[in-house]
Amino acid sequence: MRGGAIPILAWGTILLLLAIGNWVWNGRLVGGLAASGAVAIIYLFGLAVWLARREAIRRGPPEPREDPETIPQTSLAAVGIGVSAGCALFGLAWAKFLLDFGIALFIVSVGRMALEFRAERASRRQVLAEEKHE
Amino acid sequence: MTGWFGAVTSTDHKRMGLTLGVCSLFFFLLGGVFALLMRTQLAQSNMQFVSDNSYNELFTMHGSTMIYLFVTPMAIALGLYLVPLQIGATRVSAPRLCLIGLWTWLCGGLVMQQGWFASGGAGRTGWSSIAPLSNGTNTPGVGQDLWVIGVILAACGILLMAACLVTTIARRRAPGMSLLRMPVFTWTELVSVLMVVGSFPMLILAMVLLYIDRHGGHIFTGFTGAIDYQDLFWFFGHPVVYVMFFPYLGSAAEAIAVSSHKRWFGYIAFVASMMMFAALSMAVWSHHMYVTGGVTNQYFAFTSTLLLVPAGIEYFDVVGTLIGGSIVLRTSMLFALTFFIQFLIGGLSGIFVASPVLDYQAYGTYIVVAHFHYTLFAGSIFGFFAGVYHWFPKITGAFLRERLGKLQLLLMVVGTNLTFFPMFFLGNDGMPRRVSRYPTHPGWGTLNELETIGAGIIALGVLTFLINVFVSLRRRVPAGDDPWLGHTLEWATTSPPPPLNFEAPLPPIRSYAPLLDLREQEIDRARERAEVTAD
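Chains as they are written, first to last, in my numbering: chain A, 1 to 134; chain B, 1001 to 1535.
There could be a bad hint or two in this list.
Okay, the calculated beta carbon distance ranges per label pair [as the list claims (entries may be wrong)]:
1. B:Gly-1222 to A:Gly-111: 41 to 49 Å
2. A:Thr-13 to B:Gly-1312: 17 to 25 Å
3. B:Pro-1496 to A:Glu-134: 28 to 36 Å
4. B:Gly-1006 to A:Ala-129: 26 to 34 Å
5. B:Val-1319 to A:Gly-111: 56 to 64 Å
Derived from the structure by calculation, the hints contain no laboratory data. Even glycine gets a Cβ: it sits at the ideal position worked out from N, Cα and C.
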């Protein structure tokens, strides 16, 4: 989509100028690194958006999409990954068995996520084949 | 998929937004109960309602619950529900990642609250948990560990959901929806989630290092260690104030524009001010550290004072929108106007604490508590309710009751000002914050009693809101698709919106108010027809 990366990169540039000002004036290592880290994160994010779709750097409204896309309705795997993170970290502090349970749940959930993606790709291929047939 | 299983596993942005919103609201009520307990303890000098340790837990968990589990996630919840609708998208980008974020955040909230059941109690070092107070020697116990882990999980969850929203805005806008045609609310959300992406990693880093420190890592030791922790924490801690403010500003702005039957005044200046506000907000963090003597106060005083410029532009835009508008004083509009008036008190008191010489005097007193409650409660929460009354018909298809809404507003305005305004006097008189008991001092007892009564009135206001939601959903008054004559695309679909958001084709998008464009075109055509007939 056009223009999507522009505010992110503009924002990163303003932040870069402020971070330089902070570095020159304040000169503290951790504060400077935090500001520089934030600039790097914002720039990397803008770069990722741009690389994902080159039009993101151009101005103007986006064009209509032609290609069909699959839209998941539910995802048990995503819930599993979120809960596994909670269980594992909870297990670090209290109820140690939850650490093992969380790791096991994470592995199972990632496996299920792979299956969900595979089913999604198959469904998209089927739609494309039907469109081609028509 | 329907039922509770479908609701909790759904990747539909509207369901995720609602789940996040309802869970956040639950945490809001919980945080409110903590506040009431604190205010009961402070009602009179030398009260013994809760122990000193319990009071420390209460103010820590109140602040943490409100910031990590209510105001910030509720801002994301509003964005998750409304942003795809406002930009004409059928869904969010990476919905599974968003769902992972939702559940990680929820687990974080539950882990944090588990601290109440731990030996030694819940986290008790304040919502910022400044080191070395929060290290393993000074604050031992599992409860503080659970607090740290809860914050890590909640922050990771919010970060994932924010990343999904940024990508959605960047990649899924409808044809014709250029960046400068995005609605005001979407812009406030975009800037907020950009700040989350930029600042939350520092919070996660600070908390991971604190956890290691608490378990023998010795990271934040000595004077430098304490300053380093604060540098990392406040690098997140100040931007999050704006993350907790912008989306509610956007909600209030939408309510004001629609209820004034006018376009938002000074749109480009508003967008520019948002970007400036957000960039500056990540360059002011050390104004929380003036008294440490470890930072260059001039730089941070300069950038903090510069915040006045974008704030002034936003107030100018509000006034410009109201002037000449055909104003309808419905509940959402009243909440929005109150938001701007009360936030002004928070903003003006912010000028004092942005100045190092004045901050040396105010630091650690109730002036600071009054200042941030005027920005976060008297500001953001009123903006939140403006948004709720504005979008409730879109989300549920039914109106909220106006009379109950106005009663809630009255109770909340009285309660808020009764609770937080006396804090300025107490702070000016030197009453320190974060103390469970205070000595008998002329005037302090009366002012604290008033504050406790005010907190009770706020609770009544919130109860009125819950009753309003219950009554409005039980005895529904159908709202139709566009009851307020809205300006933006969410009002072009059914109420509540269908699974893929839009069944009919979208109207042409030629500005940030496409539905208002359509109505104005119709009026122009009708006028031309009338002129032709008259000729």
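Do the hints match the structure? See the list:
1. Look at Gly-1222 of chain B against Gly-111 of chain A: about 47 Å separates their beta carbons, and that is inside 41 to 49 Å.
2. In this structure, Thr-13 of chain A and Gly-1312 of chain B meet the distance hint of 17 to 25 Å, their C-beta atoms being roughly 24 Å apart.
3. Restraint check, Pro-1496 of chain B to Glu-134 of chain A: a C-beta distance of roughly 33 Å satisfies the suggested window 28 to 36 Å.
4. Taking 26 to 34 Å as the suggested C-beta distance range, the pair Gly-1006 of chain B and Ala-129 of chain A conforms, at roughly 29 Å.
5. Taking the beta carbon of each, Val-1319 of chain B and Gly-111 of chain A are about 57 Å apart, inside 56 to 64 Å as hinted.
No hint from the list above goes unmet by this structure.
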